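As they're listed, the protein sequences go chains A and B.
Once you know that position 52 of the first sequence is 52 in the working numbering, the rest is easy, because the numbers rise by one and skip nothing.
Once you know that position 4 of the second sequence is 4 in the working numbering, the rest is easy, because the numbers rise by one and skip nothing.
Please note: incorrect hints may appear among the correct ones.
As the list makes no split between identical chains, a pair holds if one copy fits it or if it spans any two.
In silico DMTMM-like cross-links for lysine to aspartate or glutamate, where the CA-CA straight-line distance does not exceed 25 Å [to be verified]: (1) Lys60 with Glu130; (2) Lys10 with Asp151; (3) Lys10 with Asp55; (4) Lys60 with Asp7; (5) Lys60 with Glu234.
Rather than coming from a laboratory, the hints here were simulated on the basis of the structure.
If you're wondering where the values come from, they're calculated on a predicted model, not measured in any experiment.
Protein chains: 2
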Amino acid sequence: MTMKDPDWAKLLRERVRVVLVRPSIAGNIGATARVMRNFGLAQLTLVQPHADPLDVEARKLSTQGEPILYSARSAADLLEAVGDCILVLATSARVGGLIRRDMVISPRQAAQRAWELARSGNIAWVFGPEQTGLLNHEISRCHYLVHIPADASYPVLNLAQAVAICLYEQYQSASGGVLPVAPRSAAPAALLERMFQHLRQALEELHFLWGERAEYLMHGLRHLLSRALPNPEEVDIVMGLARQIRWYVRHYGPARESNRPSASTSPNEAGTPTSTCPSKPPATANADAADRASNNPPPESGFQQSVPDAAN
Amino acid sequence: MTMKDPDWAKLLRERVRVVLVRPSIAGNIGATARVMRNFGLAQLTLVQPHADPLDVEARKLSTQGEPILYSARSAADLLEAVGDCILVLATSARVGGLIRRDMVISPRQAAQRAWELARSGNIAWVFGPEQTGLLNHEISRCHYLVHIPADASYPVLNLAQAVAICLYEQYQSASGGVLPVAPRSAAPAALLERMFQHLRQALEELHFLWGERAEYLMHGLRHLLSRALPNPEEVDIVMGLARQIRWYVRHYGPARESNRPSASTSPNEAGTPTSTCPSKPPATANADAADRASNNPPPESGFQQSVPDAAN
């Protein structure tokens with residue numbers, strides 16, 4: 001139902017209007033202006049306002065939406081406010097009775113309907129007074145009655161929060177709801193497999209993986225890390241950790257206690273850039289064969305037993 | 001992704017928590033409590049609050065959410081506030097930088113994720129201070145960073161409005177987003193066809209439909225009324241109108257001017273219940289043959305020509 005339009009921001013600004021009918025709390029007018037600014041709207045109309053949109057409280061709450069308060073239009077009645085609109089969306093927490101019950105749609109449905117029509121003409125979201133909401137004769141003059149699903153025992157939202165939810169949905173429909181960051185990239189299976197091979201080798205050399213429980217533990221780690229869908233940068237972090245473990249074991253492990261290379265630095269301390277490229281093996285790669293042959297016994301540690309068995 | 005759970009209201013109340021970190025404006029705490037009440041949440045935790053949750057402004061804005069202010073818990077830091085939660089959702093308007101950009105999800109995604117997990121444990125929605133938002137070290141301790149898509153030039157929402165949008169989505173996920181009214185029932189095609197037959201007959205007797213444009217006009221009316229998907233009650237209204245037109249034509253039309261039945265009342269004035277049942281024909285049904293035979297000329301009127309041709 002949603003349509004992405006190259007001019008969507010312009011349409012939102014020029015075609016979609018908020019109408020507050022007889023608002024009585026200045027802070028609500030200000031908070032409405034702010035959230036209009038947040039969601040890219042610009043046109044505010046006040047029907048017989050009982051509070052001053054330029055009151056200090058309204059201006060304080062409007063923050064960067066203050067220009068919307070200054071450009072707000074006043075209207076003598078609802079028809080004057082929406083006379084040029086092709087879709088008029090009333091809002092109410094009350095949906096009972098013959099007049100209302102067949103007009104009810106959700107904010108999401110309303111926003112989609114509005115966005116389908118915004119290229120054809122102006123749209124108005126109409127909100128009633130804080131104390132009473134819109135009256136039946138006002139709702140009868142609108143196309144739909146928007147109801148925000150809420151707890152039946154107290155569905156009456158604060159005016160500015162109701163505006164926020166409706167405009168959030170309107171912005172979602174208009175913008176397509178895309179987040180302002182690149183979609184998260186998950187590493188492909190082949191890259192994960194290479195990471196797990198490096199990790200397994202390191203954990204074997206560390207004697208974390210040994211004996212009959214090795215497969216279960218490795219499966220547990222695989223499942224834990226795979227489920228988080230690591231991205232390539234995170235794969236680099238894990239591969240860097242594996243390299244560092246292997247470097248540490250070779251330089252400080254018990255089999256080599258006598259010939260610890262005092263002048264060397266660890267791959268991490270040396271600032272070696274982490275890389276997934278197999279053409280840049282870690283500096284310690286040529287020590288593999290010697291380490292495997294030494295077959296060190298595991299260090300005394302209760303850690304391995306405390307890892308839950310992934311096969312259970 | 002959404003799952004309807006018979007205990008959803010209980011889960012929402014007992015498992016889903018709002019955490020405000022260092023809130024500084026009492027009104028925002030109050031408006032948060034109100035919207036929690038609106039969307040069926042009950043547990044509010046304040047981390048190092050810089051405003052009093054029982055301040056007069058907080059209580060005023062909380063309305064029926066006031067008990068939530070009285071039962072709000074205080075926590076010394078974020079970990080104390082969310083230590084028992086299995087999913088911790090940070091919120092922020094700022095999504096740039098290494099720490100944040102890969103954690104970002106939308107309120108809708110977050111609400112769905114939360115609802116999938118609510119049966120397994122507690123969920124926290126965490127909102128930062130009004131002036132700064134959550135800090136990196138706080139966000140790093142959360143599972144996801146929720147960002148409300150908004151205008152890039154000013155995406156910073158008022159705290160209580162951001163809470164409203166997130167809890168609206170949480171309530172949508174939990175409740176399935178159903179509206180508190182029966183789904184609108186549209187009349188089946190056979191009933192619409194009967195309505196259009198009655199309408200056509202009445203409009204022919206009224207001499208609105210005659211000559212070569214009759215088909216176009218009838219098509220225009222059909223399309224207009226069909227598109228609105230009338231429900232059975234609305235079909236009754238249109239059929240009642242058709243009956244009244246036919247009654248009026250028979251009693252006051254030019255061919256019968258001489259023998260107007262002064263004592264009779266119209267179907268509507270007599271309060272005859274409208275009905276779609278063919279076993280209750282309108283009182284004037286037996287006048288059909290006579291009327292058809294009279295073949296009255298159309299009254300002088302520019303109306304018909306002003307109806308746009310539906311075939312164009």
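Regarding lysine 60 and glutamate 130, is the shortest C-alpha distance of 25 Å or less found within a copy, between copies, in both, or in neither? Both ways: lysine 60 and glutamate 130 sit 19 Å apart in one copy and 13 Å across, limit 25 Å.
With 25 Å as the alpha-carbon cut-off, assign the pair lysine 60 and aspartate 7 to within, between, both or neither. neither (31 Å within a copy, 42 Å between copies)
With identical chains treated as interchangeable, where does the CA-CA distance between lysine 10 and aspartate 55 reach 25 Å or less: within a copy, between copies, both, or neither? Intra 29 Å, inter 42 Å, cutoff 25 Å: neither.
Is it within, between, both or neither when you check lysine 10 against aspartate 151 at 25 Å Cα-Cα? between (35 Å within a copy, 12 Å between copies)
Homomeric proximity label, lysine 60 with glutamate 234: Cα distance no greater than 25 Å: Close neither inside one copy (44 Å) nor across copies (48 Å); limit 25 Å.
The structure shown violates the earlier hints numbered 3, 4, 5.
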